[in-house]
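Participant: Sequence:
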Amino acid sequence: MGRVIYLFLIAPWWVYAAAAAGFLYLSEQVYQNELKERADATAALAQPVPDRVDLSAFDRQNDVGLADEVHIAGWINTDFNYHLRKTKKGSVRAEGYMYVLQGASDTSSTKQVRAIILMSEREKADFIRRISEFQVPGKLDETGHLYFAFNGVRTNEGSFSDLVNDAFKEQGLTKGPDFIVVEPFWEGREKGLTYTGDPQRFREKLWKLSGVLLVLAAIKFGLARRSKRRQSERDAASVERAIFASSPVASAGEKGAGFGRPDLGMSQPKTLRQIAAKVQKTSAERPGPELQFEASREALGLAKAGFLQRFIKASRKSQIILLGMVFVLPLCVMKPAFGGVLLPVALLVYIYWSIGTKVASSVREALEEVGLLKPRISSLAKQDPFSRLEAQARNVR
0 MGRVIYLFLI APWWVYAAAA AGFLYLSEQV YQNELKERAD ATAALAQPVP
50 DRVDLSAFDR QNDVGLADEV HIAGWINTDF NYHLRKTKKG SVRAEGYMYV
100 LQGASDTSST KQVRAIILMS EREKADFIRR ISEFQVPGKL DETGHLYFAF
150 NGVRTNEGSF SDLVNDAFKE QGLTKGPDFI VVEPFWEGRE KGLTYTGDPQ
200 RFREKLWKLS GVLLVLAAIK FGLARRSKRR QSERDAASVE RAIFASSPVA
250 SAGEKGAGFG RPDLGMSQPK TLRQIAAKVQ KTSAERPGPE LQFEASREAL
300 GLAKAGFLQR FIKASRKSQI ILLGMVFVLP LCVMKPAFGG VLLPVALLVY
350 IYWSIGTKVA SSVREALEEV GLLKPRISSL AKQDPFSRLE AQARNVR
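Using numbering that gives the first Met the number 0, the letters of the sequence shown map in sequence onto residues 0 to 396.
Do not rely on the hints blindly, as some may be mistaken.
[To be verified] Calculated cross-link-like contacts (lysine-lysine; reagent style DSBU-like; alpha-carbon spacing at most 30 Å):
hint: 1; residue 1: Lys207; residue 2: Lys85
hint: 2; residue 1: Lys35; residue 2: Lys168
hint: 3; residue 1: Lys168; residue 2: Lys110
hint: 4; residue 1: Lys123; residue 2: Lys85
In short, the hints are calculated from the structure, not lab data.
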């Protein structure tokens, strides 16, 4: 679980955007399929029950009607019935019963199965209690087995697929060319064909999930741009420190010598950054040892830093956003009523927070310009000799 959360957090923004687009497409496809299923069920219910077909002559292309309705007949080969049990760590998680159906032309030794019916414990008990309702009166196959008719829908093995395949393999059974899984109308044809789903509701759930993914994509995109900008600033600071350490400016300061008289005919640099740029143009183009050491150290630290270290070093704002992504947003998707209240409030708080921080920063800059507040030295400036000296020079002025 921790690995999944980690991969979810480190995925780039475009993965979230692509997933959102995929869910939007999926929502439309599912919606159209649900509408078709509802229309087919309504049309099938308006028609009479299909003619009964013995499994020996059953053809999936011709004998499956609207809404996948079938009406098959055959006998139950009790020798191959199987008790399906899905276990995990020694405990039974799901349980079912597989009934094997054969056609009138099949014998007890026939290994090719025509159809199966999967029943739960309750359905099995109900079938045994009402077995005479499914039996065809006076119809016995040549071996004396009881002959049954089932009206229902074609389905699949679902979560029991692997267990069914294992049961077939264990008993040496094979699936016939027109093999089907039948789900009888245990509570009658009308109720079995009545569509009870809500296509629009499921569609809206997928829309909400797509919206959450789009919000996450926007957040990840903003964080990526911010991280890239900070990395560029750190790289620029490292270059400036290396230039400063290997330039005549630093050597002159160490020896106590002056810079000499400036040439009045040339424009002179006004800040230490401009001095560094001029020194870089006039000096030999070679990477200093300080720059190489700094770059290798930063690369090694980035490679070794784990997610927890990165999370601790992130800003408080980024930490809150990441925690919200992991815990709050999934809860909002699972509980739409809770999300409908929390998400708008969180969005408003984020908007006002962002506006407030920008307004406060603008006001502080204005007060610093008129001298009512002392300029602050950023954490980056504390490491950068150029920014530090410039800030100190502004304080003196």
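Participant: Decide, hint by hint, whether the structure agrees.
Facilitator: How the hints compare with the structure:
1. Lys207 with Lys85: Roughly 34 Å between the alpha carbons, so the hint for Lys207 and Lys85 is violated.
2. Lys35 with Lys168: violated (36 Å)
3. Lys168 with Lys110: OK: Lys168 and Lys110 at ~11 Å, within 30 Å.
4. Lys123 with Lys85: With Cα atoms ~17 Å apart, Lys123 and Lys85 stay inside 30 Å; holds.
Hints 1, 2 from the earlier list are contradicted by this structure; the remaining hints agree with it.
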